[in-house]
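Spelled out, the chains give:
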Amino acid sequence: MDSPDRHHSGQSGSPNAIVLKAERLVKVFGQKGKTPVTALHEISLEVAGGGVTGLVGPDGAGKTTLLRLAAGLLLPSSGSISVLGLDATRQAIAIQSRVGYMPQQFGLYQELSVRENLDLYADLQGVPALQRPERYEKLLHMTGLAEFTGRRAGQLSGGMKQKLGLACSLIKAPQMLLLDEPTVGVDPVSRRELWDIVNQLVRDEGIGVLMSTSYLDEADRCDRVVVLHEGRILAQGEPKFFRETLRGRVFTFAPAPGRGARFLQGKLSGTAGVVDATIRSGRVRCVFDAVPSSPDGLVSCEDCLDIKAVEPNFEDAFMAMLPHQELPVTPRALHAEEGAEQEITVQARGLKKVFGDFEAVKGISFEVARGKIFGLLGPNGAGKTTTFRMLCGLTGVSDGEVLVAGKDLRRSRARARQRLGYMAQIFSLYRQLSVLANLEFFGRAYGLHGRKLAERIDWALDEFDLRTRQDVQAGDLPGGYRQRLAMAVALLHEPAILFLDEPTSGADPLARREFWLRINGFSQQGVTVVVTTHFMEEAEYCDTLLIMSRGAELAQGTPEEIRNLVRSHANPEPTVEDAFIALAEGEIPGQLIPNGGRP
Amino acid sequence: MTFLRRVLALVMKEFMVILRDPRSRFVVIVPPLLQFFVFGYAATFDVTRVRCAILDQARTPESRELIARFDGSESFRVVRYLQGAQEIDAVLDAQQARLVLFIADDFSEKLLQGQPADVQLIVDGRNSNVASVALGYAGEIVDRFNRSWLASKTVSAGGVRLDVEERAWFNANLLSRWYVVAPLGGTISMVVVMLLTSLSVAREREFGTFDQLLVAPFTPGEILLAKSLPGIVFGIVDSLLLVAGGVWWFGLPFRGSLLALVTVLTLFMASIVGIGLLVSSLSMTMQQALLGAFVFVMPSVILSGFTTPVENMPHWLQIGTLANPLRYVVTALRQIFLQGSGVADVWPQLWPMILIAVLTLPPSAWLFRHRVG
Amino acid sequence: MTTAEATRMRLRGFVRKEFLQILRDPSSILLAIVMPVVLLFLFGYGVTLNPTRVPIAVVAADHSDFADDLVARFALSPYFDPVVVSSPQRAQRLLDDGEVDGFVQIRENFSSDLLRQGYSPVQIIVNGVDANRARLIQGYARGAIQRWSAVRQSRGEQPATGGVRLQAHIRFNEANESRNFLVPGLIALIMTLIGTLLTALVIAREWERGTMEAILVTPLRLHELLLGKIFPYYVLGMLGMLFAVAGGRWIFHVPLRGSLVLLVLLSSLFLLASLGLGLVISAATRVQFIAAQISIVAGFLPAFFLSGLLFDLESTPWVIQVVSHVIPARYFVEISHTLFLAGNIGSVLWPASLALALMALVFLGVARRKLSKRLE
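Chains A, B and C supply the protein sequences, listed in that same order. Per our numbering, the first sequence starts with residue 1, numbered consecutively. Per our numbering, the second sequence starts with residue 600, numbered consecutively. Per our numbering, the third sequence starts with residue 973, numbered consecutively.
Just chain A, same shape as in the assembly:
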């Protein structure tokens, strides 16, 4: 019993030893009756200890497959992979008792308490009873879960679940950590805390970490980055190296007063030589395919106030590296109803929702004018979705009032819903039906028929590039196309108001950019958009924002106004994320900006 554990941490050799090595690794998934899919094409890779290696790539790049191969959960089709010098095929058990692995769906038992989950993994990993109090104390302190040991895992917030998942995978002081998208769907505050935990581990225990992520800003925090794309390694190296290659190719453009950043972004993203155009901190950030001779000449000065060359980041490099796709131009006409620009289409007053004795939404008020994009921001469990569902009439209101196009959707007749489009958080179309059958059904559901229906379906197939896949069952569509179809369905009947619940959750950076360009176009044509998101940078695309936390409003206003809350000498150009973290941590008093967002 007391024989010292041979594999205790700190004895794994020098911190920079190779902890993971893949050689010409191939993984093919074959299913009966289907063409085999090659998830990894001859990957060769080395991961060093004592640092964080980020595995970056869009959906379906093979990130999860690589991590599972390393953990011995999958067998390579050919080639080899070894972890801590142990072969993952033959010595899986040995690897599994030395490595911490955190799957994407955190492997927590919802019915078990925090403490019971820790006990389970401690037992499974064979942590001696004597070492447990100290280890638990350390992990609980590190993750901030000490107060919640008696709470069921199912009742923790998303961020807390992730931290508990991490704690469980760290229970035996592993010599290496494999993390599969540990920060997905987690609010910025929790995300930063997770990173702090990982960094502390690397510093104190000198372990190697391989983590996959779809947040490109996280890549900058890694010691090394491996970019995967369609099962191949596109590039690998230190983030600095990626940034260096882009030097001189990244500029920000300030929109001229009265022009708006979205307008400028739309314009720039269609320009030749521009690989990427996004809105950051109120300015349009452009990445060029080569060092431009004169970026000034690209836009007329009536659109653009000034141009600044900026320090490139990993995201810029990533976008420049991916095989470039033609981003769609402004969508073709959508015949939204005409109306006064200032007309209020969505209105909430003192909105409350109580489940039992839990107050999920504590009195939220806002207004959205016609043709505006309104964003609901907040971490998981902040009450965004509940608020959103109350707006669409999917959940009853405990107190307060919601008016959409002047009507309460829950009480008014079904016809009132005729004018809205809705896109749910998870893909929620009929998976068994073909793309075309889905479009036809939803078209008819909204009263379209005959030639009008055919016309609109034609429009949708062209607009969302679905024509070649019109007979594919919706459930078999790849992620990006599912999202397009969902949007096509939401827009088929030319709604005046569009409700989008986390439309970009789980989408890769390319798809997210494409999505926002479309939304932009529709809003310009007078469609009112209400959208929830936990991607803070997406807040920049909104006209007004409402930041929520624990059911209450933290701040409301334009992105500019929100950013200004934290503008200081130390941080002259803050992002919405900075503001969010400051607000959530109570560093600045949560406040309602006078008339913020009100027309």
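Bear in mind the hints are in silico, worked out from the structure with no lab data behind them. Watch out, some of these pointers could steer you wrong.
Partial selection, computed: residues in chain B whose CB lies under 10 Å from chain A [claimed, not checked]:
| hint | residue |
| --- | --- |
| 1 | L609 |
| 2 | I617 |
| 3 | L618 |
| 4 | D620 |
| 5 | P819 |
Sample of chain C residues with no beta-carbon within 12 Å of chain B, all distances over it, derived [to be verified]:
| hint | residue |
| --- | --- |
| 6 | A976 |
| 7 | L995 |
| 8 | A1033 |
| 9 | D1040 |
| 10 | V1056 |
| 11 | V1057 |
| 12 | S1058 |
| 13 | E1080 |
| 14 | I1187 |
| 15 | P1191 |
| 16 | L1237 |
| 17 | A1327 |
| 18 | V1338 |
| 19 | L1343 |
| 20 | K1345 |
| 21 | E1348 |
Covered stretches of chain B (chain C as the covering partner; in silico rule of three or more C-beta atoms under 8 Å from a C-beta of chain C) [as the list claims (entries may be wrong)]:
| hint | region |
| --- | --- |
| 22 | 878-887 |
| 23 | 912-926 |
Idealized CB from N, CA, C, for every residue including glycine.
The hints should help you fit chains B and C onto chain A, whose structure is shown.
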């Protein structure tokens, strides 16, 4: 017009979803077929060719005559002749025979003297039903033996006897297969419809499509209509096919009116769809719905009179079965098939089903919008 | 830490987790606790094969002592609840309306026939729709009529007529209560429910929620995983069995004539076979919904209909009899009936136990082969 178009689109969608989903297709096709044959053949209380052992210590022409009557009947088959009383226990214990006929050595003597000649019948009671039925058969054989025995003698003065004539109406040969097969269509299609409808809302909730429906300009009534129709249609088609199968495959007689049959099935399916949608509206996942359906189906089959008569149950439980729609359809189908009943005759079975449908359908429509996850 | 200690620690943690999960999950409680109780009561009260107080009509046109005596025999029988009517038409109408299940017709010249010829026909007409019930009613009616002769003879009102007199002894179940037959078989259903359905569901749920992936990357060995899954459901299944025994004994007065130890041992074999089937199903599908369907079709329905639990297998067509040999419940029902009602009878228990042991081995072996510590 727009109302019709919308509802039609919804109904079409429901049918397409059921027919395109391999799991739903499986539910509609495989279990019903399996159950049809298993129930049709295995679900029977008929007892045939009971294995019996004989211990004949008399060894006289009379005893042999009695044994021949046992062996020659459809009901028994002699598998062993025992040599002594000590073998009886072993034979019964080991289930080599299910009853032993023991004829003592004074059998013929007593018989010829006109005294009652006792024969012992030792029956294995492990299956109580087989024991009861076998006893009945044996009594019948002994009765017939006595009748012909006494007829051959002159009647002693003052001695009287009763000749029992037995007749069974509606099912002269007492085949229990008809009894089981007649309500089979209703029972099996209940399982199918219960699964289909209980999954229909739960599936949409699980995949999030239900929100899409609620956000679209459908009224709960329209959704209810579209959700009930496929269940009712599949239920009626399924049960009519099974009924036809019963008539064609198992030779079930059809003596009643077709109108009564269709009316009974339609109302029954409406009540089942009501319960199924209620279960579905209450469930958040398909797994919950499936368990809910299972928990409903099992007691309702057991307490319907389908396998064992409701009349045998304790009084309080008989009252409980009044809430079971299957009870009514089982009774009604037997009346229609075996007794030749028409709509008026089955009316006592119809209105409770209407009542159940009326009590379950509106609440499930209400729950569409009010069930909170 | 030694290997044995590490194994014990892993198993302990895994099993404890499994119990906590069952206790906190409503659908597990439903299957493991609520359903056995419901089944026990359904089988104890709902399924009864013994008709009692059957409503019948007695057509007594004759009011002689002979006839009154005969009517009295029906009234005194615990099996009948007779109404006396005066015309056959009235009795027929009662039968058609379902008010009575049959009628006994005593002819108008009953007593004169008896006095003149020495015999008179008595008709028993039953509603044959429910053939089984009809047959039992016929048997009871014949018994009541025989009783008439016997009583008259014993009172010395008539000399013995001679002939064969049948004396029946029902072994193992003297009162021939159908409960005594049904409750022991119920254990097969409870164990199938817990061993097959619940086990398959719980494992599929681990796949659906992603907890299986987290478990697989721990040093838990495959055989430990299997053992950790088998043990809790084995305990639950055994508790279900003991519950049925206790309920049967104290609520429904079902005797247990064999040894309880033997019952525990042999039901363990059946439970292991059921668990094995559950594990095989969960190795084949990782979706709870499909797992539930397969368990019901492959486990529950055969245990109910092809096991001899309710319907006697010997009277079914040979195909069904052949098929029933691959159904573990069939052997267990045989064991259970014998142990409860007859006792420790080796000639029945041995072959059935061997068959069960073989099936348990096959299913567990297949499960061991099919399950792997990899995701594929």
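Here is what the structure says about each hint:
1. L609: holds, 7 Å
2. I617: holds, 9 Å
3. L618: Hint on L618 of chain B: holds, closest Cβ of chain A at ~9 Å, below 10 Å.
4. D620: Because about 5 Å separates D620 of chain B from the closest Cβ in chain A, which is inside the 10 Å limit, the hint holds.
5. P819: holds, 9 Å
6. A976: Given a closest Cβ separation of 38 Å, the condition holds.
7. L995: holds, 17 Å
8. A1033: holds, 16 Å
9. D1040: holds, 14 Å
10. V1056: holds, 18 Å
11. V1057: Check passes; 16 Å lies beyond 12 Å.
12. S1058: The claim stands: S1058 of chain C keeps its Cβ more than 12 Å from every Cβ of chain B (closest is about 20 Å).
13. E1080: The claim holds: E1080 of chain C sits with its nearest Cβ about 15 Å from chain B, beyond 12 Å.
14. I1187: holds, 20 Å
15. P1191: holds, 31 Å
16. L1237: holds, 19 Å
17. A1327: Given a closest Cβ separation of 15 Å, the condition holds.
18. V1338: holds, 22 Å
19. L1343: About 21 Å separates L1343 of chain C from the closest Cβ of chain B, which puts it past 12 Å; holds.
20. K1345: holds, 26 Å
21. E1348: Holds, since 22 Å exceeds 12 Å.
22. 878-887: holds (count 3)
23. 912-926: This one holds; 3 residues, not fewer than the three required, reach chain C with a Cβ under 8 Å.
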